[in-house]
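Protein sequence lines, in the order shown, are assigned to chains A and B.
Position 454, counted from 1, in the first sequence is what full-length UniProt numbering calls 454; the numbers after and before it change by one each time, with no gaps.
Position 128, counted from 1, in the second sequence is what full-length UniProt numbering calls 128; the numbers after and before it change by one each time, with no gaps.
No lab work stands behind these hints, which were simulated from the structure alone.
Beta carbons are placed, not taken as given, at the ideal position from N, Cα and C, and that holds for glycine.
Possibly wrong hints are sitting among the right ones.
What the hints assert, rightly or not - Below, a sample of chain A positions facing chain B; criterion: calculated Cβ distance under 8 Å:
| no. | residue |
| --- | --- |
| 1 | L60 |
| 2 | V61 |
| 3 | R116 |
| 4 | T367 |
| 5 | N370 |
| 6 | F532 |
| 7 | G535 |
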Amino acid sequence: DEEFNELCFEFGLELDEITSEKDIISKEKGEEKAKGASDTVLYKIDVPANRYDLLCLEGLVRGLQVFKERINLPRYEKIIPAQGEGQRLIITEETVQVRPHAVAAVLRNITFTKERYDSFIDLQEKLHQNICRRRALVAIGTHDLDTISGPFTFTAKAPSEIKFKPLNQSQEYTASQIMDLYRTDSHLRHYLHLIENKPLYPVIYDSNGVVLSMPPIINGDHTKISVNTRNVFIECTGTDMTKAKIVLDIIVTMFSEYCEKPFSVEAAEVVYPNGKTHIYPELAYRKEKVKPELINKKVGISETPSSLAKLLTRMCLKSHVIGNGNNIEIEIPPTRADIIHACDIVEDAAIAYGYNNIQMTIPKTYTIANQLPLNKLTELLRLDLAAAGFTEALTFALCSQEDIADKLGMDISATKAVRIANPKTAEFQVARTTLLPGLLKTIAANRKMPLPLKLFEISDVVVKDPDTDVGARNHRHFCAVYYNKSPGFEIIHGLLDRVMQLLEVPPNEENGYTIKATEGSAFFPGRCAEIFAKGQSIGKLGVLHPDVITKFELTMPCSALEISIEPFV
Amino acid sequence: FTEMPTDNFVESSFWNFDALFQPQQHPARDQHDTFFLQDPAEAPELPAGYTAKVKKVHSQGGYGSQGYKYEWRLEEARRNLLRTHTTSASARVLYQLARQEKFSPVKYFSIDRVFRNESLDATHLAEFHQVEGVVADRGLTLGHLMGTLRQFFTKLGTGGTGGGDARGLGTPQGPPHPPLSPGITQLRFKPAYNPYTEPSMEVFSYHKGLKKWVEVGNSGVFRP
């Protein structure tokens, strides 16, 4: 087990869990139900999101074996049948509106066993979830070729005109009935919306009018494959051509292993509405040239060109040295659609070399360090505020709409708050425009602590601002609250004076700060003042209104101060 | 390391995803991992010339890359969100660096809040802080990245809580981690995948208390 874990670590896979079917059932349903379940050890492996070739057991094992140099990477062959003998998929122009692209191929004389069959179905599901973006971009259909006869037609028809027996059903339904039938199906209902409201639904027929599938929803029962199927017709339809080609390549390369002639795939011809034809699968082998110095330089190693070629070959990128030893030619197989730049090749070379074998060095870059002035001011103030006897709090930046509006006696539209479109709970509806609710909620959660409670926070609030490039900006605010049996206005006022003293802002009107009595919806009437400095209003202080105190589930008087510190940076 | 300005929680998809080569059909952009904004819903301003370049690299490729070969949509890039990583700030800063007359090597860092649309539980919050580090210079290697990370973690693990990520030319991502024993020196690197870095590495450290290797960070070399 440890050996395998090590191997996964080196290769870049995560061995998530070592379990067994029995364990899984045990955890989910209890020990009783698990009796009789399989004890065979199961490995749960996490595969990186861009490696579609490692999504099934076949691909994973192949990749690891090449990595360990146990086998050579197989060469995937495309067999083009003689003129007129191959399968053809004809696309009609109706599909353009709903699902324009399609590719197809055939796996000839394949031998399935139960495991291989399960793996085949499983890979399709994984690809659907992953690169196909839950069938929106591409949908895969696999059919028993012996039950149907080509040429096949991919067209789109009105829902009432499509009628067939869906997979594992016992009777025929029209397409509209199928939509209703699967509306409650836990698996398929998520895909219905992809075509539901379109005037025409995509459908694939064979030459006798047998329905192969209605992508992306479901295949026909007639063509379903089983363990005994010998010839498979694969079709991928979708809205993204590049991905459809990749998906087809992956499926055929992975499972052609089990064909009578291993790793050979029979090509099919796709005929477009304009008459053009194209042979699929593409199974393109691409050649790229990379200089060995580039790899060595980027990774920080110094390997000979031939050893680099050997490393890349271990990663399924067959390479050899060309020229007079100063270049490496790499053949990128169709299974590695993730190689789109030389840096991808560099990464693979580094992985084969072993990340932990690379020598760690420090860059010789000389730079002069700087702290952001706003943060520097924040740090300095925090220390002194703590010295003044206040405790720092760190609160959430997201809160409910009531927190910044109703509970403070204001209307939400006056707050210029940034609103979230998809909150999971009501607690995260808006971004805070004031630090006060956060502090009050903190006090509410700490009612049992000895009085007085003196809290402060210096942190960002978010407001809408049409002058910024995104439409909103952060403001660095400082907020302090004093919670005790008596409101302590003088204490909060004293704190303001102390902060101004630290900021070297004198208490006069011309070049310093001043406070003027005002009214505030969150404050007790007659006990509220606005603070002016540097020619602008920077905040308010005062005794909080009893309504506010009650709404935050507090019982004692409370005074608060909140200012923006940005003018003082 | 100089501190980067990160005082914008609201970010456009452009800076948070597109400029970082994260494809528009990537699962992370889905509703469930990102907080999208209702108001303001779209970023009014995006850098025109740069946006065109980003569009080209996604759809056709460029700078040696084949690209993703899909249809890149401007409306998708305009969608506002609460940033999911501070790498968006790094992207902005690197953009400014690129527009300088003469290139000068830089080292940047930031420590600030990020937002992920997840259900809260014992190990996951919807808002948390990330430590981010970027180094840009000529001739940097993967070995340099590993060395810088090792220095960083050695200084970090002196009895404090671990959980920083460092990325040479990349960004760290660190959800809160259990406190690590003093002096994190046992580090191992594992190949990983990020849309914007290649090579990418996850950094693991041995936690004596849990008696196993835990992931303490993510890193990588930015794609050309």
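* Asked: Among the hints numbered above, which are violated by the structure, and what are their numbers in rising order?
  -> 1, 2, 3, 6, 7
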